[in-house]
Amino acid sequence: MSTGTVFMPPRHYLNDGYGIRSWLLTRDHKRIALLYLAAVTLFFFVGGAFAVLIRLELATPAGDFVSDETYNKLFTMHGVMMVFFFLIPSIPATLGNFLVPIMIGAKDLALPKLNLASWYIYILGGLFTLYALIAGGVDTGWTFYTPFSTVSSTTNVIPTALGIFITGFSSILTGLNFIVTIHRMRAPGMTWFRMPLFLWSMYATSLIMVLGTPVLAITILLVAVERLFHFGFFDPRLGGDPVLFQHLFWFYSHPAVYIMVLPSMGVVSELVAAFCRKQVFGYGFVAFASVAIAVLGFLVWGHHMFVAGQSVYSALIFSALSFLVAIPSAVKVFNWTATMYRGSVSWQTPMLYAIGFIGLFTIGGLTGLFLASVGLDVHVTDTYFIIAHFHYIMVGGTLMGYLGGLHYWWPKISGRLYNEFLAKLSAGIIFLGFNLTFFPQFILGYLGMPRRYHAYPPEFQVLNVLSSAGASILGVGYLIPMLYLMWSLRYGKLAGSNPWGAVGLEWTTTSPPPTENFAESPVVTWDAYDYQTTVTVES
Amino acid sequence: MTGHVLPKRIYYTIFAILMFCTLLTVWIAFLDLGPLNTIAALTIAVFKSVLVILFFMHVKYSPRLTWAVVIGSVFWLGILLVLTMGDYLTREWRHYG
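Those protein sequence lines, which keep their order, are chains X and W. Using this note's numbering, read the first sequence as starting at 1 and increasing by one per residue. Using this note's numbering, read the second sequence as starting at 1 and increasing by one per residue.
Just chain X, with the same shape it has in the complex (with noise of 0.2 Å):
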C-alpha cells in the first residue's frame, strides 16, 4: 500500500452553490441523498419519540400514563412513521442515491430530474401524515385492516392513508431510476459481475419497489374509497371481504420488509469485504441471493394470515414458501462468515455494525421460522413474540446496516472522518440497548402478552421494565452519532479519498465527490473487491 497526501479538494459538490435555491433546485444525486438524509432523520426521531411513549406507558402494568385510545394512537403512528418514512427510504433514498451512481462510474442518475421529484413527492406524502398526526393521529395500527380501518375508527385514516399513498409513488420512481441507471449508465468495463453487491441489492430492491409499491397504494386507496363511498370491497354487510383486504396489503408489505433488509444486506457485504480486506466469499452466490429474495419474498405473505380465515391448504402452501426465503437468506450470512475467516478483519466501527447485523438478523430470520411454521404461529400471533421478531429484522438488520453504511461512507459524504471512539462507543451502546429492549419481548410474547395493549398482568412488569430501561438506552445510543456526525462536519479531521483503504469507485475519487463524481471517466478493468492489487490509503 501507498501513502498519499490528504486534501479538502477545492471544488466539490458541498461547495458547488451556496443558499437554499441551490439545494432545493438541485439535480445532483448525492445532494437530493442529503435532502433525503436530513428527512428521514427527522422522521426517525419522529417515530423514535412515540416509542418513548410506549415503553413509559408499559414500564408498569396498569394502563395509567395515557388512555387506551391514545396508546392505539401511538403505536399506529409510530409503526407509519418508521416503516412509511424512515424505514423504507433509508438506505435506498440515502446511501442508494449517493452511491449508485458513483459504484458505477457515472456522473448522475439516469433521471436526475425526476430524483429530486421523487423527494419532493416523500415530503408532500409526509407532510399528510404529520398532518393527521396533529389533527388527532390514527388508531388503526399501521397496518389498517378492514373493516376497523373502513367501518369503526373515527380517527383520521385518510390523511394518514393518502400521506402513505403519496410518499409510495416516491419509492416507485426512486426505484425506477435505480434500475435504468444500473441497465444503461455503467461505465466502460463495470459489467453485472463486477458490479460491488451493494449495487445487487439496490437492483433487488428497486425490483419489489417497483412492482410491490403500486399494489399497496390501489389497496389503501380502497380503502379510503370503500370510507367514503361505501363501496363494498372489504365490508361483509357491502359483499366485501376483509380478508382480501389483508391479501392486498402483506402482497406489498412483507417484500416491503425486504426493501428495508436488502439495502442492509448490500451494505453488510461492502463493510465485510473492506474490512477483511477480502473478495467476498462466493459472490456470485451473494448477488443471486438478492434476487432470490426478492422474488421469493413474494410468495410468502400469507403466512401473515394463518388466523385470518384463511383455507389451511392455502396456509400449508404459504408455510412452505416461507421457509424457502430462508435459503437465499442463510447464504448470504454464512458467505460473510466465510468471508471474515482467515480475513485480516480491523474492528473499526461500520464492522462492529457489519458484525452487528449478522448477529442480529440471525436471530430475527431464525425467529421467522417460528412464524412460518402454521402451528407455533398460531400461539404466538399477535404477541410480543412477533413485535421482538420484526424489530430484530427491521431495527437490528436494517438500522444496524444503516448506521454501518453512514460510518463507512461518511468520510467520502462529508470529506472528513468522525471521532472513533464515541463511534465504537455508541454501536456499543446501540447493540446493547437493542437486546435489552427486544430480547425480553420474545420471552413475554412466548408466555403470552399481547401486543397493541397499553396494560398488561402484573406478572409481566420485571420483563417490560427490562425492555423499556434498552429503550432508554437504545435512544441514548441513537443520539450520539448525531452529535458527533454533525460536529466532525466542521471540526473532523480530513478524511482524504480513500481513508479505508478499500477498492470500488468511490473511494477512487475526492472526498467530497465533484459534483460530476470524477475528473474522468472511469474506465473498469478490475473486478469487485480486488485486494490483491495495490490500494492507496491517504493518512
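In short, the hints are calculated from the structure, not lab data. Here the structure is a predicted model, which is why all the values come from computation and not from measurement. Just so you know, not all the hints are guaranteed correct.
With beta-carbon atoms standing in for the labels, derived distance ranges [what the hints assert, rightly or not]: (1) X:229 x W:26: 18 to 24 Å; (2) X:366 x W:58: 47 to 53 Å; (3) X:382 x W:61: 48 to 54 Å; (4) X:382 x W:69: 36 to 42 Å; (5) W:38 x X:218: 55 to 61 Å; (6) X:25 x W:24: 21 to 27 Å.
Where a beta carbon is used, it is the ideal one built from N, C-alpha and C, also for glycine.
Place chain W on chain X using the hints.
Just chain W now, with coordinates in the frame of chain X:
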C-alpha cells in the same frame, strides 16, 4: 433516441375498438349470463388492456428489454391472483371430524 412513429389512423382505430368494447361491456352487463357475466367483463377488459399496452404504450415496437418488463409485470400480477384465489377456492374444502 427517437420513438417509433405510428400513423394516426392506427391510434384512431384502436380508440374506436376500445370504445366499442366499452359499449359491449355495458351491453353484456344487462344480460343474465350467470357466472359468465364476470368472465365476459374480465375478458373484454384484458383485451382492452392488451391493446393499450401494445399500441398506445408502443410496446409492440419496443426492444426485448421492454417486453421483459411487461411480461414480468403480468407474471407478478399472476402471482397475486393465483395465490389469492388459491385461498378463496380452497376454503370450502375444510372438513372437521
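#### Entry: Cβ separation of residue 229 of chain X and residue 26 of chain W, checked against the hinted range 18 to 24 Å
Hint holds: Cβ distance 21 Å, inside 18 to 24 Å.
### Query
Is the distance from the Cβ of residue 382 of chain X to the Cβ of residue 69 of chain W consistent with 36 to 42 Å?
Hint holds: Cβ distance 39 Å, inside 36 to 42 Å.
### Message
Can you tell me whether the CB distance of residue 38 of chain W to residue 218 of chain X sits inside 55 to 61 Å?
### Response
violated (19 Å)
### Message
47 to 53 Å was suggested as the range; check whether the CB atoms of residue 366 of chain X and residue 58 of chain W agree with it.
### Response
With Cβ atoms ~48 Å apart, the hint holds.
### Query
Measuring from beta carbon to beta carbon, are residue 25 of chain X and residue 24 of chain W in 21 to 27 Å?
Because 49 Å falls outside the window, the suggested range is violated.
### Query
So does residue 382 of chain X sit 48 to 54 Å from residue 61 of chain W, Cβ to Cβ?
Hint holds: Cβ distance 52 Å, inside 48 to 54 Å.
The structure fails to meet hints 5 and 6 from the earlier list, while all remaining hints are met.
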